[in-house]
Amino acid sequence: MSAPAATGTLADREFVQGWFAARLDRLHPGAESVTVQQVERISRGVSRQTWTVQATVDGRPEAFIVRRDHEAGSVIPTALRLEYEVYRRLADAPVPTSAALWFEDDPAWMPDGRIAYVRQEVAGHWYLPFIADESPGADEQRIAASKEHLDQLAALHTADWAALGFGEIFDVPAGPEDCARSLIETQLKSLAGFQFESNPALAEGVAQLIERAPRDAPRISLCKGTNGHGEEVWRDGRIVAMSDWELSYLTDPAYDFALVQEMIPEIVRDGRRVWGRPEALAYYRERSGIEITHERIEYYRAVYGVMQFLYTHHSGHLIHNRGFRDLRFLWTAWENSYRSNIRLGQEFGFAPEGVRIR
Amino acid sequence: MHPGVDEALESIVAAVEQDIAPHVENEYAASMCRTVAQMLRSVRVRVAEELPTLVADNAELRELLTAHADRLADRSALDAAVRASAERTAPSLEELYADAEALRAALTTLIEAVPDSTDPTRKAAREYLRHSLDRERPWMVDAFTGPRR
Numbered sequence: 054m055s056a057p058a059a060t061g062t063l064a065d066r067e068f069v070q071g072w073f074a075a076r077l078d079r080l081h082p083g084a085e086s087v088t089v090q091q092v093e094r095i096s097r098g099v100s101r102q103t104w105t106v107q108a109t110v111d112g113r114p115e116a117f118i119v120r121r122d123h124e125a126g127s128v129i130p131t132a133l134r135l136e137y138e139v140y141r142r143l144a145d146a147p148v149p150t151s152a153a154l155w156f157e158d159d160p161a162w163m164p165d166g167r168i169a170y171v172r173q174e175v176a177g178h179w180y181l182p183f184i185a186d187e188s189p190g191a192d193e194q195r196i197a198a199s200k201e202h203l204d205q206l207a208a209l210h211t212a213d214w215a216a217l218g219f220g221e222i223f224d225v226p227a228g229p230e231d232c233a234r235s236l237i238e239t240q241l242k243s244l245a246g247f248q249f250e251s252n253p254a255l256a257e258g259v260a261q262l263i264e265r266a267p268r269d270a271p272r273i274s275l276c277k278g279t280n281g282h283g284e285e286v287w288r289d290g291r292i293v294a295m296s297d298w299e300l301s302y303l304t305d306p307a308y309d310f311a312l313v314q315e316m317i318p319e320i321v322r323d324g325r326r327v328w329g330r331p332e333a334l335a336y337y338r339e340r341s342g343i344e345i346t347h348e349r350i351e352y353y354r355a356v357y358g359v360m361q362f363l364y365t366h367h368s369g370h371l372i373h374n375r376g377f378r379d380l381r382f383l384w385t386a387w388e389n390s391y392r393s394n395i396r397l398g399q400e401f402g403f404a405p406e407g408v409r410i411r
Numbered sequence: 536m537h538p539g540v541d542e543a544l545e546s547i548v549a550a551v552e553q554d555i556a557p558h559v560e561n562e563y564a565a566s567m568c569r570t571v572a573q574m575l576r577s578v579r580v581r582v583a584e585e586l587p588t589l590v591a592d593n594a595e596l597r598e599l600l601t602a603h604a605d606r607l608a609d610r611s612a613l614d615a616a617v618r619a620s621a622e623r624t625a626p627s628l629e630e631l632y633a634d635a636e637a638l639r640a641a642l643t644t645l646i647e648a649v650p651d652s653t654d655p656t657r658k659a660a661r662e663y664l665r666h667s668l669d670r671e672r673p674w675m676v677d678a679f680t681g682p683r684r
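As you go down the protein sequences, you meet chains A and B in turn.
Once you know that position 77 of the first sequence is 130 in our numbering, the rest is easy, because the numbers rise by one and skip nothing.
Once you know that position 131 of the second sequence is 666 in our numbering, the rest is easy, because the numbers rise by one and skip nothing.
Worth flagging that the hints you see were computed from the coordinates, not collected in a lab.
Hints are not guaranteed to be accurate.
Short derived list, chain A residues pointing at chain B, Cβ under 8 Å [unchecked claim]:
#	residue
1	Q261
2	Y391
3	I395
4	F403
Restraint-style ranges between C-beta atoms, simulated for each label pair [stated by the list, open to error]:
#	chain 1	residue 1	chain 2	residue 2	range
5	B	V649	A	G407	24 to 30 Å
6	A	R272	B	L628	49 to 55 Å
7	B	H558	A	D158	36 to 42 Å
8	B	E595	A	R330	36 to 42 Å
9	B	E560	A	G83	38 to 44 Å
10	B	P538	A	E124	29 to 35 Å
11	B	N561	A	Q90	15 to 21 Å
12	A	A64	B	A591	44 to 50 Å
Now the stretches of chain B that chain A is said to cover, found in silico as 3 or more residues with beta-carbon under 8 Å [stated by the list, open to error]:
#	segment
13	565-571
14	638-645
15	675-683
Fair warning: this is a prediction, and the values are worked out from it, not measured in the lab.
Built from N, CA and C at the ideal position, the CB exists for glycine as well.
Chain A on its own, in the form it takes in the complex (with noise of 0.2 Å):
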C-alpha cells in the first residue's frame, strides 16, 4: 500500500486505519485485513503518551498500545528509541511482557510527524482491589499477589541479559561490587546531557552516596526499575505483562525492591508475622538464591531520589532551553522538582520540618 502524501494525525482513526494497514505484517505476520475501530489517549502516566488502538486482524479482536514522546519531548531524559528496544529485547526473556511490534520512523507514516512504536496490548488489569484491604480476609489474596510478584522478579533477576542483548543497550558494571557506583556513574552520565542550573541537593545526595556505596551485590541483574501495583498487568491473579521499564538497569537486584509498590504488605496477625519484607526476601531468595539485604535496599531508595531529580530536571530543560510549553511538563518541573528536593532531603538529613513525601 502507497503512503500518504502527507503524515496524519493519532486522533484520526482514518489515519490510523491506513498506517495499520501498511503495517499489517507486522501486526500478525501473513495477517490479511485491519479494520481500526478506536483510538483514545489514556491520560494515566505523564512520562510518555500512551494511546490504544483497538481494532480487528482478520476478524478477530485485538487491541495495541502505541507510545511516542509528548510534543515537547519526554517527561524522562532516555529515548524512545531504548524504551522500544528493551521491549524487543524482552521478547525471549522468562518472564510476560506485551510484544513489540514495530518503530515507526517513517516520515510517511509517523503520526503527527513523530517517531512511535507499537505494541501489542495484554488483556488485564493494573489495579488490584484487594492490595490495600487490611482486614484479615484479604491476606491470603494479598499474600498470593506477593508470591506472584515475587516469583517474575526472580526470574527476571536470574535471566541471562547478555544473552538476550540487554549489555547492548545499557551501561555494564564492571563487576557485582560496582552496581551502585556504575548507576550512580550513568544518571550523571545522563544530567551532564541537559542540566542548566547546577542543584546543591543533588550534589549532597551524590556525595552521600558515593560515600556510601555498597560494594557486596552478588550478582549483576536485569532489573525493571519501577514495579510493582500499577506497573504490572494482572489477570485472574496472575501477572500476564510486566509493563513500565523505563528506569530498567543492569544493576544490583536490590534496586528493584528499592522501586517496589504495594507488593510487600506487612502483615501481622494477634502479634505474630505473617508476611512482610523479611518474609517476601526468604521467599525470593528461595527462588532466586539471591541474597537481598535491607541496607542495599534503603541505600538504592536514596538513589531512586537522584532519579526523580533527572526526569523533573528534564522537565525543566525542555521548557526552559527548547522553549516547549506543555502544562503538564511545567507542573513535573515545577511542584516535583521541590518534592524530589525534599526526598533528597529526607534520605541525606536536610528535610525542613513539616514536609514530607513517601
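Since the structure of chain A is provided, determine the placement of chain B on it from the hints.
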C-alpha cells in the same frame, strides 16, 4: 492598581473549576483542568513571595560560602559570586535569579570538594539546604489544595 494579580488569578481559578471543569467530559481534558487550577494557586503565592525569599536565600548562601571558602583550592569563582550578589542594592528578580545560580554553583563546588559528609562544611551545607527548601514551602506545598491531575 486593582484588581491585582491575586484577584485576577483567583477569578481565573474560579472560572476553570466552577464554569469550565464541570462541563468537560473528556477524561484527559478534565485532568488538565485540575492541573491548571492547582498550578495557578501555586503561581499566585510565588509571585507574592519569591522576591523576598530569594533575597533571604542568597544572603544565607553568601554567609555560608564566605565562612567555608578556604576549603577550596581555587576560591575565585566563589568570591566573585559572593561579591556580585552583595553589591546589589535593589536587585530585580532576574538579578536575584542570576545571583542564586552563581551562589548555588559555588556551593555545589564546595560540597564536591569535601568528600567527608561529617565535615562541618557539609553539615553547614545541609543546614542551608534545609532552610532553602523550607522557604519555598508556601508555594510548593501549602498553595496546593487538591489533585493535580
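Please test the hint of 29 to 35 Å on the beta carbon pair from B/P538 and A/E124.
holds, 34 Å
Tell me whether the statement that chain A covers the segment 675-683 of chain B is true, taking a Cβ distance below 8 Å and needing three residues at minimum.
It holds: at least three residues are needed, and the segment 675-683 of chain B offers 4 whose Cβ sits within less than 8 Å of chain A.
Report holds or violated for the interface hint on A/Q261, using the least CB-CB distance to chain B and a cut-off of 8 Å.
holds, 5 Å
Are A/F403 and chain B close enough, Cβ to Cβ, to be under 8 Å, as the hint says?
holds, 4 Å
Range hint 38 to 44 Å (beta carbons of B/E560 and A/G83) holds or violated:
With Cβ atoms ~40 Å apart, the hint holds.
Do B/V649 and A/G407 keep their Cβ atoms within the hinted range of 24 to 30 Å?
Since B/V649 and A/G407 have Cβ atoms about 29 Å apart, the given range 24 to 30 Å holds.
Quick one: are B/E595 and A/R330 within 36 to 42 Å, going by C-beta?
holds, 40 Å
Honestly, do A/R272 and B/L628 meet the 49 to 55 Å range at C-beta?
holds, 52 Å
Can the hint on A/Y391 be confirmed by a CB-to-CB distance to chain B that is less than 8 Å?
Because about 4 Å separates A/Y391 from the closest Cβ in chain B, which is inside the 8 Å limit, the hint holds.
Measuring from beta carbon to beta carbon, are B/H558 and A/D158 in 36 to 42 Å?
holds, 40 Å
Pairwise beta carbon distance, B/N561 to A/Q90, judged against the given window 15 to 21 Å:
holds, 19 Å
Mind checking the CB of A/I395 against every CB in chain B and telling me if the closest is under 8 Å?
Because about 6 Å separates A/I395 from the closest Cβ in chain B, which is inside the 8 Å limit, the hint holds.
Checked against the numbered hints listed earlier, the structure breaks none of them; every hint is satisfied.
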